[in-house]
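Let's have the full structure, built from the sequences with the hints guiding it.
FYI, the working numbering numbers position 415 of the sequence shown as 417, with every residue one higher than the one before it.
Simulated from the structure, these hints should not be mistaken for laboratory data. Treat the hints with caution; some may be incorrect.
Stated by the list, open to error - Computed spacing ranges between beta-carbons, pair by pair:
| hint | residue 1 | residue 2 | range |
| --- | --- | --- | --- |
| 1 | E314 | T280 | 30 to 36 Å |
| 2 | D54 | E140 | 26 to 32 Å |
| 3 | C458 | F252 | 44 to 50 Å |
| 4 | S144 | D54 | 17 to 23 Å |
| 5 | E5 | S285 | 56 to 62 Å |
| 6 | E140 | V175 | 27 to 33 Å |
| 7 | G436 | H297 | 53 to 59 Å |
| 8 | E314 | E11 | 26 to 32 Å |
| 9 | S317 | K45 | 29 to 35 Å |
| 10 | P199 | L294 | 42 to 48 Å |
| 11 | S313 | H71 | 30 to 36 Å |
| 12 | Y226 | L190 | 48 to 54 Å |
| 13 | H200 | Y289 | 50 to 56 Å |
| 14 | N212 | L42 | 19 to 25 Å |
Unchecked claim - Pairs of lysine-lysine residues, derived as DSSO-like cross-links and limited to a Cα-Cα distance of at most 30 Å, are as follows:
| hint | residue 1 | residue 2 |
| --- | --- | --- |
| 15 | K35 | K45 |
| 16 | K195 | K311 |
| 17 | K310 | K415 |
| 18 | K310 | K449 |
| 19 | K316 | K256 |
| 20 | K40 | K52 |
| 21 | K316 | K222 |
None of the values given here were measured: they were computed from a predicted structure. The beta carbon of each residue, even a glycine, is placed where N, CA and C say it ideally should be.
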Amino acid sequence: MCEIFQTWELSTSDDWGREFNAGELFNCKWHVKEENLKYLDKKITVTYYKADLKTQDLNTIDKSKAPLHVDLMSLNNTFSPFMIDSLQPKRVVHTLARYYGLRRFVLLQVVDSQGANLNQSDFGITSFLSSIFVVTAELNWSVPVFLQIFHPTWCYFVGVGMTFNMRTNFDAVSLHDAPERMRYLSGLLKIFKEKVPHSYEKPAIVSVQNIYYLDEIRLKVPMYVPFDLNPLEARVISLSQFTALPHGYFSDSKSDIYAIFTWPEMAENTAIDSELQTQFTPSKAHYGFVQLMSHATSYLSSCLTDFKKLSEAKSTLQSYVGRYFSNTAGISDLENHSTKTKLMKMRSAMQQENYYKLYKEIEQQSQKKVPGPMTDHVLNQMLYYLFPDMHPEKPLFPYETPQRDPHRIKSAKPDSLVQRLSCLLATCNAHFGGERGLVQIWASFIKELRFLWDNCLPIPG
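Have a look at this one:
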């Protein structure tokens, strides 16, 4: 753990002593670093959270108002579920930052082999806390280190922050079986008053927020995969609506809905909430709104994520299609001298479209099929989409006539051959056989491109 902390350089930062601007704690982005360790049968996740604070104008801070303290006590600092969404850690403020106003901290989460979290009776709590105290004492940084205990929904953390001349312990109290009176505002206020060493004549100002979890909504958007459409669907899709990438949502996608009701800044002697009577019912709320939080993963996101992972693949094209792909003599019958000579003699006497047609007839007489999982029908549809000019009998979305731009030398225009090919590669990798399907469309694309190049024909798109 010491090596990880030294790698993260927690003791060096350019934000020491920097004051928070008003509302900055809730609006800033967060840098998150994570490492996984194993200790006996337990998996330890070490996460470092750091707020991305912009350069500050010293003249904009009014230190007499302590804007951070105001933000921590404001209504915006809530612990409702939509504020602690774990799916977007870089966008949502962590609970520890909302508790203590921290801009940097380290969190340890321990899970055993059965997936259970640490609990109060677990001997490992003492062991992990001792390790945290030893590490912080040895390295002497100001970044607090926390250990999460119980299930994550409890938001229960204990930790320590230590420097050369100061040590701060972060403790928490949990009640497994809370007394009945502590479940109401009157009982909670009594607990806080007992903890305050002084008595105050003025009534305390409290704000109350009730959150109700409503029934979830399932997102049922069917998956759309191009080139796998029935004739009726293909007939009604226009060029402006067609996309060569899949879209839709997975079946487990859903939206959580919360109804939130707020009673802001009330004097404690006017707030009624006890075992006998309560005024905090939704119909009497001062403010109310509905918050929707989506947990949806689209097919398009999954497709592009898998396609990006191919940059780390170590397999070669030859490992999928064998010598057939690497042997230039077998890629196209145009390499046969007699066939090529026959076509070249006929080229001057026919139009370009007929030349394409003659090429396809001669090529397909003894053409080997590129090995792969896709059927001829699906593969041909993709080739019609890439090279519509070479298949005038079945053009699929022809390219628009480009305007001449002398400044465009290497850049590709929208809906170009490069863009269409990239979309097809991603789609084949996701829905048409994985890497083998991707290699199959790539090899077929190279064959068509070789024909255009060898015969000095313009490349569409």
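Each hint tested on the structure:
Between E314 and T280 the CB atoms are about 58 Å apart, so this pair departs from the stated range of 30 to 36 Å. For the pair D54 and E140, the supplied restraint of 26 to 32 Å holds, since their beta-carbon distance comes to about 28 Å. C458 and F252 have their C-beta atoms about 48 Å apart, which keeps the hinted 44 to 50 Å range intact. At roughly 18 Å, the beta-carbon separation of S144 and D54 lies within the given 17 to 23 Å, and the hint holds.
The beta-carbon spacing between E5 and S285, approximately 58 Å, falls within the hinted interval of 56 to 62 Å. Take E140 and V175: their Cβ atoms lie about 29 Å apart, and the range 27 to 33 Å holds. Roughly 26 Å separates the CB atoms of G436 and H297, a value that falls outside the hinted 53 to 59 Å. Restraint check, E314 to E11: a C-beta distance of roughly 27 Å satisfies the suggested window 26 to 32 Å.
For the pair S317 and K45, the supplied restraint of 29 to 35 Å holds, since their beta-carbon distance comes to about 31 Å. Our hint of 42 to 48 Å for P199 and L294 holds, since their Cβ atoms are close to 44 Å apart. About 47 Å separates the C-beta atoms of S313 and H71, a value inconsistent with the hinted range of 30 to 36 Å. Checked against the hint of 48 to 54 Å, the C-beta distance between Y226 and L190 comes to roughly 52 Å, which is consistent with it.
Between H200 and Y289 the beta carbon distance is about 32 Å. The supplied range of 50 to 56 Å is therefore violated. Remark: the range hint 19 to 25 Å for N212 to L42 is contradicted by a beta-carbon distance near 43 Å. About 17 Å separates the Cα atoms of K35 and K45, which keeps this hinted pair within 30 Å; it holds. The suggested pairing of K195 with K311 is violated, with an alpha-carbon distance near 57 Å, which exceeds 30 Å.
In summary, the hint linking K310 to K415 is supported, as the alpha carbons are separated by about 22 Å, within the 30 Å threshold. A threshold of 30 Å between alpha carbons decides the hint, and for K310 with K449 the separation of about 25 Å falls inside it, so the pair holds. For the hint pairing K316 with K256, the CA-to-CA distance comes to about 36 Å; that exceeds 30 Å, so the pair is violated. Between K40 and K52 the CA atoms are separated by roughly 24 Å; this keeps the pair inside 30 Å, and the hint holds.
The suggested pairing of K316 with K222 is violated, with an alpha-carbon distance near 37 Å, which exceeds 30 Å.
Against the hints set out earlier in the document, violations occur for numbers 1, 7, 11, 13, 14, 16, 19, 21.
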